[in-house]
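*Asks:* Now for the letters of each chain:
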Amino acid sequence: MAAPIMEPQTAEVEGITAAQRSNARIAWDKFRKHKLAVASTCLLLAIAALCFLAPLIAPYKFDAIDLRNIRRPPSARHVFGTDGLGRDLFTRLLYGGRISVTIGLSAALLGSMLGTLIGSAAGYYGRGVDNLLMRLTDLAYSIPTLPLIIVISAYAGSSIASLVAIIGFLSWMTTARVVRGSILSVKENEYVVAARALGFGDLPIILRHILPNIGNSIIIGTTLGVGNAIILESSLSFLGMGVNPPTPTWGNMLMDSQATMATEPWLTFFPGMAILMTVLCVNFIGDGLQDALDPTL
Amino acid sequence: MARYIVKRIAQMIPLLIGISIVIFGIIQAAPGGPEGTLLDRGMFVDPAAIDAYRAKLGVDKPLYLQYLRWAGAMLGGDMGVSFQTQRPVLDMIAERLPDTVRLMGISFALAFCLAIPLGVFSALRQYSVFDYVSTGLAFVAIAMPVFWFGLMLQYLFSVRLQWLPVAGTATIGVDTLLDKLKHIAMPATVLSLTYVAGWSRYMRSSMLVVLKQDYIRTAHSKGLLKKTVIVAHALKNAGIPVVSVITQDIARIFSGAVITETIFGWPGIGRMFIQAMSARDYPLLMGILMMGSTMVVAFNLLADIIYGWLDPRISFK
Amino acid sequence: MGTMLEVKDLRTRFHTREGVVRAVNGISYTVDEGETLAVVGESGCGKSVGMLSILQLLQGTTGRVEAGEALFRGVDLLKLSDTEIRKLRGRDIGMVFQDPMTSLNPVLSIKRQMTEGLVKHLGVSRREALDRAIRLLRLVGIPKAEELIGEYTFQFSGGMRQRVMIAMALACEPRLLIADEPTTALDVTIQAQIMNLVRELKDQFGMAIVWITHDLGIVANFAQNVQVMYAGYIVEKADVGSLFARTAHPYTIGLLNSLPANGADRRRRLIPIKGAPPNLRALGGGCPFAPRCGRAAERCRAENPALAELERGHQVACWNAGEGL
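Protein chains in written order, with numbering that gives the first Met the number 0: chain A, 0 to 296; chain B, 0 to 316; chain C, 0 to 324.
In case anyone wonders, no lab produced these hints; they're calculated from the structure. Don't take every hint at face value.
[Said to hold, decoys possible] Taking lysine-lysine pairs in the DSS-like style, the calculated list, with each CA pair at most 27 Å apart, reads:
{"id": "1", "chain 1": "B", "residue 1": "K225", "chain 2": "C", "residue 2": "K86"}
{"id": "2", "chain 1": "B", "residue 1": "K225", "chain 2": "C", "residue 2": "K78"}
{"id": "3", "chain 1": "B", "residue 1": "K235", "chain 2": "C", "residue 2": "K86"}
{"id": "4", "chain 1": "B", "residue 1": "K211", "chain 2": "A", "residue 2": "K29"}
{"id": "5", "chain 1": "B", "residue 1": "K225", "chain 2": "C", "residue 2": "K119"}
{"id": "6", "chain 1": "B", "residue 1": "K226", "chain 2": "C", "residue 2": "K86"}
Since the model is a prediction, treat every value here as computed from it, not as a measurement.
Taking the hints into account, I'd like the entire structure generated from these sequences.
*Replies:* Here is the structure:
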């Protein structure tokens, strides 16, 4: 494995891409066999398309108040009914989905990036750095996340960006531990030792050899992180600490509906179902990826 | 074993110091600094409380001295005075703690008692209908926002069927066990659901790995009863990785309690936290956060001890 | 002496996703009281699966016994219920497995693992079981047994663990000991110690032994009878003397030639058997060894030979046997 490093650049690149292509092929074949994951991918793409094309698709405007049609149960005109201001629930769900899914995706990406950074630093440099970063991870695990986020969001405000930052900054720990563990095991491999013996610096070694190897666990971790972030966002919104109305998110729609649940249950039911379906799809995809990418299975 | 426990306790101390620094940092980061949190509040705050808080933090002193004072006061049980009620934070927490501990304890026990057998049976009957159904339900439970599940339960059992009370710990003037059980049924179900799902999944996969081990075949070859092989030989091994997952979830149970208590009007720490949050009652918030973290660390220690008991190799390292 | 175990036409298959693995394909043999039988063959030839089959230890795998009988003192083990066979396992038939590092439970003390069988099968008190376990550990050569019995196996070396395994298998003084490659994972010196130990214990307990191994070299002065297995078939069986003197099956010859020799002709070259064992998912109709056999003829590839008597007590499954080697 050390040999390609010394060979001309092109040969190495070709060699790796060919190998990667066939690995991707194997993974894809395995993923296709996971029927639930494939179905979930389709459904999730459909949900995402509906949400992000909402301005084109939605039958109403998300803030169109219609006081003659308030609190209508689901009907042909309003498939999911209307809320206390006569706004169409289906429309608001689509718009809300844009925010919820965006926050979920971005926060999970941020969390994974941070986790990868911290985990690879700890795993690669070892000793003091490792000790310090892992104690930091223990610490972050020990403070109850939700209350901490609530306190921080009180200062940081509740814009979409700050929510992404807060959720992302508090959900890196699992990725960090996984990445650190993988690096510790990869680090001892001969090709990494050989690369170091050839005088390559630390960063190129990490980027070139270790990260591609742990890429799979990062992908899986990020996927599962999206679901967690969506739920966390909705919980914060539900507690009144999330994105402020009138911008709809699935979480603040649920908060609004709580008081009138006894009389207009559909206002509570549908946003929750939207979260459930989305997170379920994401998690099934994560499960499928795990089957497809984990070489130990 | 004793040495191992002492070692774990020694490791707890820097962790707690780290946590207190983070929490102190949050106070410092508040807009306008720690005393700014008092000034930008709209409502009336007893000037004496502000003075006491300033004195305790010693706002003109260097930061590390402020921290030391604050931490020293914490150690002595002085968590400051609530802005809202002007009462010591410690007293307020102590008042609410029993209800929270009851809810968390029952939920934890419920989750544990359901998740472990569920996971074991799923593993023993892999690919059976039971396995598929419990896997499916676990996926749904994990994908569901806890508070929404709570709301749905309320709608079904309180609004429609009217079997269970919507909120509270007991009906006023009634003091029966049945009444208390009726009140805690939904909150405990909601709080434990995610953990039942997560832990049973974990137990299942751990058990599947263990059942394929050579030592399980050895146990069978000795002619032990199936029950003995599963309970004594497999379960103890399979439980080892599950304990560390449960440990990590203890912190999350505290988060879950905040939500559950809010939905079901449960007068515990979590609900108090939300109330303190909307009133920007910082001393109370910090006190709760510190108390919650300490509880998490303490439970971690307990889990470590269980870990050491399950796996004799751990305490020898 | 009377027959203790009689296996008739045992067939075991694994139903995997990639197809049906024909692991054991109709083997028949007997084990007499006090006999030592060696079962020899490369890994994957069905020798272990055959043993696990008759003790119903394939539970939890995709393996199924499709046909056959396994009469142990007249009782068909394959027809026993789960509860019944569990009364027999460990009490009448003890087993020792290959890898002592993984075959003992890492989180239970040796005391616990030693005594549980005694308490269950013999109904003795825990106190009595403990005394007996300590005596057994002394017997297998564990020093300071009364102290070490409270320990866990991770504190023990491989050889010591295998001694513990043997003590455990012998706890209830079984009539039959099945040892599945018990020395394969051990150093050569330890291997010799363990084999000597088992020989001594056999004399002391008067039990029969089935010793599964891939090493034909170690059975010579250990077993009375040998049966060689290949691709789930018994291809040759004989008493040790006859087998070594008049080796008949090309596979057995191959096994002997690939052994490093002791003593005189040390300079003899090792001759490996060409090729690899066949895929048990795709066995054809011919002799399974034909693709690797230097003497394979038309008939060998078309028809699988049955075991046939070469001389009294020496059977071989080869079309070319008896035609002079």
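*Asks:* Below or equal to 27 Å on CA atoms is what counts here, so check B/K211 against A/K29.
*Replies:* holds, 24 Å
*Asks:* So if I understand the rule, the pair passes when the alpha-carbon distance is 27 Å or less; does B/K225 with C/K86 pass?
*Replies:* Given that 27 Å is the threshold and the Cα spacing comes to 11 Å, the pair holds.
*Asks:* Holds or violated: B/K225 with C/K119, Cα cutoff 27 Å?
*Replies:* holds, 12 Å
*Asks:* Is it true that the CA of B/K225 sits at most 27 Å from the CA of C/K78?
*Replies:* Roughly 18 Å between the alpha carbons, so the hint for B/K225 and C/K78 holds.
*Asks:* Are the Cα positions of B/K226 and C/K86 separated by 27 Å at most?
*Replies:* Cα-Cα ~14 Å, so holds.
*Asks:* Does C/K86 lie within 27 Å of B/K235 when you go C-alpha to C-alpha?
*Replies:* holds, 24 Å
The structure agrees with every numbered hint stated previously.
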